[in-house]
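Going down the list, the sequences are from chains W and L.
According to this note's numbering, the first sequence is numbered sequentially starting from 1.
According to this note's numbering, the second sequence is numbered sequentially starting from 113.
It is worth saying that the hints were derived from the structure and are not from the lab.
From a predicted model like this one, the values you see are computed outputs, not experimental measurements.
Among these hints, one or two may not hold up.
Going by beta-carbon spacing under 10 Å, a handful of chain W positions derived as facing chain L [unchecked claim]: (1) TYR25; (2) THR28; (3) GLN38; (4) LEU46; (5) CYS90.
Heads up, the beta-carbon is just placed ideally off N, CA and C, and yes, glycines get one too.
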Amino acid sequence: GNSVTQMEGPVTLSEEAFLTINCTYTATGYPSLFWYVQYPGEGLQLLLKATKADDKGSNKGFEATYRKETTSFHLEKGSVQVSDSAVYFCALSVNTGNQFYFGTGTSLTVIP
Amino acid sequence: ETGVTQSPTHLIKTRGQQVTLRCSSQSGHNTVSWYQQALGQGPQFIFQYYREEENGRGNFPPRFSGLQFPNYSSELNVNALELDDSALYLCASSLVGSPYGYTFGSGTRLTVV
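Chain L with its partners taken away, still in its complex shape (with noise of 0.2 Å):
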């Protein structure tokens, strides 16, 4: 069974720029979460996707915009970089029902400049 998988692991943009960031979801799983995590910080969730549809939103401007494909697999948006948008940005996929919780990717750490 594979984990979750993130790409890129690492990306230096500059303020202003948009930014993709992908996640394949752990086999049979099929809901994708997304979370920014700051340095020092907890995770923040963004948004969750469930059949391809947004299924909650945490407290993120509009700019932050995702997509769910059919094989679960999916993908964050950022649009005009902010210095603040700096952090380690985690994908999760989880069942939905299972009470196991999140199988977290490694993250891509995004580094605005």
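Just chain W, with the same shape it has in the complex (with noise of 0.2 Å):
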């Protein structure tokens, strides 16, 4: 079947501290992985995405590489701001604009 786990939290990191969260994945086709932020009080955005194998996603500072060999998509950023705090997830879609399936998602505070 389809599934998404994640590396569970809470992760409390200082400001300017590397985050990775991990993420590893089993699918029945060939996904697409993306990793998904909820801020506190809000729904789902979309953070990056890669669509096939060695593509990296990236955006904010944020990046994530598909590896088909290890079947992951950590979720990795060089250096951490307060405002980065928030839960996030990874997810996989099998067929493009079909179901999502998503971890249960990493709580992340940065801390001054």
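From these two lone chains plus the hints, build me the complex, please.
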């Protein structure tokens, strides 16, 4: 079947620290991979995506590389800010525009 | 370009009642999907509508039903509410064939007491 496993949180970092949130997946087909971010009291916002192996998605200093050999899509940022505090969801979609499968989310808190 | 808007933002219902949640899709999008997000969990797929017909359904009972209208707006109806239906309900729109994924609304927080 299709599923996403995310690193469990919560994660607490100091400002300017390096961030990694691990994400691995299983898929019946050839998935597209996504990271979404959810700020308190809000819906989900697309952070970045990758649609084929070795693609690197990037946005706002965040990066993730689609690794087919390890079925992974780890999220990284070199220097986090307080404003990055949110919940991060890894997700996959097997058919374009169809059902998404989400991980359970990783809560990140960045302290000054 | 407008995003996805949902109404109401918060709702409290009593067990056994029925509820209708509404969603207006982003301009130019032709599919709408509904997700249930329980507290501390990731969103779970309820169903998707395309061309006013259900186009995929997750593991939810028939008391969860929906509609899509010609203007691509949508409703989610839940009958015989249970306490476990308390969650954030997210609507997401997309364009068939687009690689850009969903645009999500801010959700409706449903509390069943």
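Under the constraints set out in the numbered hints, which ones does this structure not fulfil? 1 and 2
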